Structure formats: structure tokens, C-alpha cells
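Participant: Produce the complete structure using the sequences and hints provided.
Counting in the working numbering, the sequence shown runs from 1 upward without gaps.
In case anyone wonders, no lab produced these hints; they're calculated from the structure. As the structure is a prediction and not an experimental result, all values here were calculated from the model. Treat the hints with caution; some may be incorrect.
Unchecked claim - Keeping only pairs whose Cα atoms sit at most 16 Å apart, straight-line, the calculated EDC-like set for lysine to aspartate or glutamate is: (1) Lys5 - Glu66; (2) Lys7 - Glu35; (3) Lys2 - Glu31; (4) Lys30 - Glu47; (5) Lys7 - Glu68; (6) Lys64 - Glu47; (7) Lys7 - Glu92; (8) Lys87 - Glu66; (9) Lys24 - Glu35; (10) Lys5 - Glu22; (11) Lys2 - Glu35; (12) Lys24 - Glu97; (13) Lys2 - Asp43; (14) Lys5 - Glu97; (15) Lys82 - Glu68; (16) Lys64 - Glu31; (17) Lys2 - Glu97; (18) Lys5 - Glu68.
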Amino acid sequence: MKTIKVKVRISGGLAPLPIRVEIKNIDTRKEIEYESPTSFNQDFNIESGRYTLQLFGMNSINGKTEIEVVGSFTRGPFYNAKRVTTKPFITELFYFEI
1 MKTIKVKVRI
11 SGGLAPLPIR
21 VEIKNIDTRK
31 EIEYESPTSF
41 NQDFNIESGR
51 YTLQLFGMNS
61 INGKTEIEVV
71 GSFTRGPFYN
81 AKRVTTKPFI
91 TELFYFEI
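Facilitator: Take a look at the structure:
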């Protein structure tokens, strides 16, 4: 098993809806789901393989969310391992191999 860490920092108020993370193994279709109404720094144990990680949620008015995916990747994450968004709706997609 390999470990990846997803770090989410919410600033400028509380998120109106919980931040949701979905990690899917492209080959086996196994999926891990996680949800939090506040900032988090969460480890996930996954098997080697190809993955997509989707993150959904909402920023508060004038809010900002910082997202970072950390691990011993053999490829990716694409397009960038660290992202910042001030958009009202958060929809981020990462691809990586571990």
C-alpha cells in the first residue's frame, strides 16, 4: 500500500457545503470517498496504480481554498499538485500514478 495526503485549507469563512474528495483507481474502479466541512490534512492508503482524484465543494463569499496532493508518485499529479481557487464552486480534477 502507498500513502497519499490531501491537504485542504479553507480561508475567508466556512464552506457553505462540505468539501468532498473522491479517489478512483482507473483500472479496478475501487473508490475512496471523504468529506469534511472544515480544512483538513488527510492520509489515504491506496494500492499502486492509475488514479483520478476529484474534489468538489463551495467557497464562502470572498473565500479561498488551497488544495495540495502529496505522495511518492511515479507520474503526476497533473496538471499541478497544488492549486488555489477563489471561484464560488470548487471542482478540481487530478490524475496521478503511484
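Participant: All hints, please: hold or fail.
Facilitator: These are the hints, each one checked on the structure:
1. Lys5 - Glu66: Distance ~14 Å between Lys5 and Glu66 Cα, so the pair holds.
2. Lys7 - Glu35: holds, 12 Å
3. Lys2 - Glu31: At roughly 15 Å apart (the allowed maximum being 16 Å), Glu31 and Lys2 satisfy the hint.
4. Lys30 - Glu47: Answer holds: Lys30 to Glu47 is near 10 Å, not above 16 Å.
5. Lys7 - Glu68: holds, 5 Å
6. Lys64 - Glu47: violated, 32 Å
7. Lys7 - Glu92: holds, 13 Å
8. Lys87 - Glu66: holds, 11 Å
9. Lys24 - Glu35: holds, 15 Å
10. Lys5 - Glu22: Given that 16 Å is the threshold and the Cα spacing comes to 13 Å, the pair holds.
11. Lys2 - Glu35: violated, 21 Å
12. Lys24 - Glu97: holds, 11 Å
13. Lys2 - Asp43: holds, 10 Å
14. Lys5 - Glu97: holds, 14 Å
15. Lys82 - Glu68: Measuring from Cα to Cα gives roughly 4 Å; hence the hint holds.
16. Lys64 - Glu31: violated, 27 Å
17. Lys2 - Glu97: Holds, because 11 Å separates the two Cα atoms, which is no more than 16 Å.
18. Lys5 - Glu68: holds, 8 Å
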